[in-house]
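Colleague: Protein chains in written order, with the working numbering: chain A, 4 to 117; chain B, 1380 to 1771.
Think of the hints as simulated: they come from the structure by calculation, not from any bench. Accuracy of the hints is not assured; some may be wrong.
Stated by the list, open to error - A few chain B residues facing chain A, derived, Cβ under 10 Å:
1. Pro1519
2. Leu1531
3. Tyr1536
4. Val1581
5. Asp1755
What the hints assert, rightly or not - Quick list of the computed label-pair ranges, beta carbon to beta carbon:
6. B/Asn1464 with A/Cys76: 27 to 37 Å
7. A/Glu34 with B/Thr1543: 46 to 56 Å
8. B/Asp1429 with A/Cys76: 52 to 62 Å
9. B/Ala1382 with A/Leu32: 18 to 28 Å
10. B/Leu1576 with A/Ser91: 18 to 28 Å
11. A/Glu34 with B/Leu1576: 46 to 56 Å
12. A/Arg19 with B/His1625: 34 to 44 Å
13. B/Leu1587 with A/Pro90: 46 to 56 Å
14. A/Ile27 with B/Gln1386: 28 to 38 Å
15. B/Val1447 with A/Leu65: 38 to 48 Å
16. A/Glu10 with B/Asp1429: 53 to 63 Å
17. A/Ser91 with B/Asn1445: 41 to 51 Å
Idealized CB from N, CA, C, for every residue including glycine.
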Amino acid sequence: MTARAFELPHCEACQRPHWPPREICPHCLDEPIHWRQADGAGQVLSTTMVHHSLSDELRPHLPLHVATVKLDCGVRVIAYLADGPQPSGARVIVTAGSSPSGQEALVATPPAPG
Amino acid sequence: MTARPVQDYAGVAVAVPVTIPSVRRSEHGTPWWLGKVLAALVRESGIAKDEIDGLIVASYTLRPDNAVSLSEYFGLSLRWLDDLNMGGASGPIALRRAARAVQAGDAEVVACLAADVLGGAAFGALMEGYSSFSRDGVMPYGAAGPNLPFALITRRYMERTGATREDMGQICVAQRHNGLAQPHALFKKPLTMDEYLAARPVAEPLHLYDCVMPCSGAEGFLVMSEARARSGNLPFARIKSAMERHNTYSQDDVQRSGGWPLDRDALYNAAGLGPGDMAFLQAYDDYPVIVMLQLEGLGFSENAPAFVRETALTADGGGLPLNTSGGQLSLGQAGAAGGFVGLTEGLRQVTGRARGIQVPNAQAGLVSAYGTVNFDRGLCSSAVILSKGGQG
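Okay, chain A solo, but in the shape it has when bound (with noise of 0.2 Å):
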């Protein structure tokens, strides 16, 4: 799995980030959406090991682990766990990746050591 930069949709009128992608600020209901490098540390609230698969291109990369993170930012997002199983609260920093399938998607994985 390979590391971009992490963003996400940032509202250019109050200046907060969302997740899911919109058009409208579910903040402010202001606008424009724009995409904007975050900070994608943040910590494992859930967890789940996933067996069974609707994707043809995923199944072969069964068991998948994915988690539920809640960024220091606020933002909540759904993201793979790149190294395995994470306890909850756990540490981890969100980067732009792929799935096993090689599909965009959140990915994340431990702060480095130190």
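Guided by the hints, dock chain B onto chain A, whose structure is given.
Modeller: Chain B alone, transformed into the frame defined by chain A:
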């Protein structure tokens, strides 16, 4: 500012619960299923098709048709028509809207219908096109459909409350007992706790028997005035109170409640009843954790895992009869028709006409519903307290 009092539902009758038994694979389209319900409503009520002047329809798989299309499809001439896209929460919400239309005189007889054709590839297709947030924020992560958000909700609930898989299993095992008495249940074998615990994982902590089976099926009922029901000698239920809420507690990091706590006191106060007066709870059961949330949110217990350990949940166990038809965990989930399953069963119970186990002295009971996982949680919650009306 004091809120205006909510008008009651006096004078409204809910009658003729209809269930078209579900199948795993259907060779028919969604209008066929809806038409079978409509025909049964006409046949069982003795009310002619031309006397039905209101229609509300809940379905995911009706597209490219819609509720308007159905008026022509079925040859109905209507003066009140509603297209309800609220999935699992649709039963009590359809009932509320139809009841207000009847009270206001906008319609005399409203047919409330729900049906979906889901099974095999149709379920995957529905999930792919479910919502933009699901497409962008959920399906790329395993393509697990609703199992993914509910696995995340369940894990958090278990960690927060200490609930175990056995606690979740109490709900599934008791409901299967209830479902075995239903002639049309999709699952026809008993479920033991050992079998529940030994099932294969689907999206941990969810295992096979935590998940409803997508299928095809249809449900419906009629809403009219009490006078109309009496003139036709129809058994009917009354609406003591009802609520709906959408996108509540959105600041909770992981969903820990539907909207029920916001209206719980008003719901019971309007009915002049409390949780202890409910002869049954028909709770939305797409996954057992959501039943836990309803037990807590609707005032049955502040600690649902302890409650299910200590309380018989079977329809004939003397505790709290839960999903007396077996619920979707036994009958299967036919999309939006799953949002009607609790309501049709509640109507049968309070009119003393259960197809399976009849709860004795069912004077009043609670039907609650939930649905529409747009991103990481169900957005719609609803509930209705039904009471025994006329006996036809």
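Colleague: Are the hints correct? Go through all of them and say.
Modeller: Evaluated hints:
1. The restraint placing proline 1519 of chain B at the interface with chain A holds, with a minimum CB-CB distance near 5 Å, inside the 10 Å limit.
2. Restraint check, leucine 1531 of chain B versus chain A: the minimum CB separation of about 4 Å is within 10 Å; hint holds.
3. Against a cut-off of 10 Å between C-beta atoms, the interface hint on tyrosine 1536 of chain B holds, since the closest Cβ of chain A lies about 9 Å away.
4. Against a cut-off of 10 Å between C-beta atoms, the interface hint on valine 1581 of chain B holds, since the closest Cβ of chain A lies about 5 Å away.
5. A distance limit of 10 Å between C-beta atoms decides the matter here; for aspartate 1755 of chain B the minimum to chain A is near 6 Å, and the interface restraint holds.
6. As the Cβ distance of asparagine 1464 of chain B to cysteine 76 of chain A is approximately 32 Å, the hint placing it in 27 to 37 Å holds.
7. The supplied range of 46 to 56 Å is met by glutamate 34 of chain A and threonine 1543 of chain B, whose beta-carbon atoms lie about 47 Å from each other.
8. Taken as a hint, the range 52 to 62 Å holds for the pair aspartate 1429 of chain B and cysteine 76 of chain A, whose Cβ atoms sit roughly 60 Å apart.
9. A hinted range of 18 to 28 Å for the beta carbons of alanine 1382 of chain B and leucine 32 of chain A is consistent with their spacing of about 25 Å.
10. In this structure, leucine 1576 of chain B and serine 91 of chain A meet the distance hint of 18 to 28 Å, their C-beta atoms being roughly 22 Å apart.
11. One distance hint, 46 to 56 Å for the beta-carbon pair glutamate 34 of chain A and leucine 1576 of chain B, holds here, with the actual separation near 51 Å.
12. For the pair arginine 19 of chain A and histidine 1625 of chain B, the supplied restraint of 34 to 44 Å is violated, since their beta-carbon distance comes to about 23 Å.
13. Leucine 1587 of chain B and proline 90 of chain A have their C-beta atoms about 25 Å apart, which leaves the hinted 46 to 56 Å range violated.
14. Look at isoleucine 27 of chain A against glutamine 1386 of chain B: about 34 Å separates their beta carbons, and that is inside 28 to 38 Å.
15. The beta-carbon spacing between valine 1447 of chain B and leucine 65 of chain A, approximately 42 Å, falls within the hinted interval of 38 to 48 Å.
16. Separated by about 59 Å at the C-beta atoms, glutamate 10 of chain A and aspartate 1429 of chain B satisfy the suggested range of 53 to 63 Å.
17. For serine 91 of chain A and asparagine 1445 of chain B, the Cβ-Cβ distance of about 42 Å falls inside the hinted range of 41 to 51 Å, so the restraint holds.
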